[in-house]
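Model the full structure from these sequences, guided by the hints.
Numbered per my numbering, the sequence shown finishes at 262, counting up by one with no gaps.
For the record, the hints were derived by calculation from the structure and aren't laboratory data. Where hints are given, some of them may not hold.
Said to hold, decoys possible - Pairs of lysine-lysine residues, derived as BS3-like cross-links and limited to a Cα-Cα distance of at most 30 angstroms, are as follows:
1) K111 - K90
2) K90 - K103
3) K30 - K101
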Amino acid sequence: MYKIKTNVNKSMSDDIKNLSDEEKAQKIQSLRDMITSAEQTIQGAKAMLLQIEGKKKVGRKKKVDDEDGNIIQGTFDGQIMIGTDGKQYPVPANYASKSKLVEGDFLKLTIVPDGSFIYKQIGPVPRQNKIGIVGQDASGNYFVAVDGKPFKVLLASITYFDVEPGDEVAIVTSQDENAQWASIEAVLQQNADPTAAPAIESLQQATPESTEDTPKTATEILTGNSDSGVDAGSDIIDEWIPDIDDIEKEIREEMKQSE
Numbered sequence: 004m005y006k007i008k009t010n011v012n013k014s015m016s017d018d019i020k021n022l023s024d025e026e027k028a029q030k031i032q033s034l035r036d037m038i039t040s041a042e043q044t045i046q047g048a049k050a051m052l053l054q055i056e057g058k059k060k061v062g063r064k065k066k067v068d069d070e071d072g073n074i075i076q077g078t079f080d081g082q083i084m085i086g087t088d089g090k091q092y093p094v095p096a097n098y099a100s101k102s103k104l105v106e107g108d109f110l111k112l113t114i115v116p117d118g119s120f121i122y123k124q125i126g127p128v129p130r131q132n133k134i135g136i137v138g139q140d141a142s143g144n145y146f147v148a149v150d151g152k153p154f155k156v157l158l159a160s161i162t163y164f165d166v167e168p169g170d171e172v173a174i175v176t177s178q179d180e181n182a183q184w185a186s187i188e189a190v191l192q193q194n195a196d197p198t199a200a201p202a203i204e205s206l207q208q209a210t211p212e213s214t215e216d217t218p219k220t221a222t223e224i225l226t227g228n229s230d231s232g233v234d235a236g237s238d239i240i241d242e243w244i245p246d247i248d249d250i251e252k253e254i255r256e257e258m259k260q261s262e
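Written out as structure tokens, the structure is:
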């Protein structure tokens, strides 16, 4: 086999030597045309491959260096990043949900020349895991109730795990007692107890800020229910209106009699 190859190469070398200058030029041009045609075929194949794969980039992803963009660091507050420069920067909800970012995490934002935002978690806060029931307030905001305390959760986290009110979920949140946000980690049981999640008019009202020492309103004293709302107050006023009319009627009758 080796001898055959040697003989072929020697024969081709002899043929090239015997070619005239004009024939050599034609051969060179022919070879160049073959190379050009091959390169066009390869480029066409790459274009077809990109279309089939959904225009995915071929090869390694370009690494963004710090020098290529503006670097900003800040703290994640549950929805956005508060930069060290005092400005607010939007954090994609899908990224925050999938990365299980927790309120208080320290982030690095790279704003590349094309305007894209690239986030990286560089300082995670101490975390704790809890189990709670998903609820939804009157405004449509979702929360997870854990031992009577509601934790706000991103809508992207709700849709990602396909969670419904009443589902039992595992969450991760900051160890800070004042933390108000949590990230859903897993769904433990669907429709575990639809009545377990408290009916809260809004997360702000549900936040356990008030204590037993807070003065009660007149409505609360009359009804004996500290959770009474506008409806309860309206019912009491409606009950008082007929009594006021009767009192006014009696006063008018007494005035007529005195005349």
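Hint by hint, here is what the structure shows:
1. K111 - K90: holds (14 angstroms)
2. K90 - K103: holds (23 angstroms)
3. K30 - K101: violated (60 angstroms)
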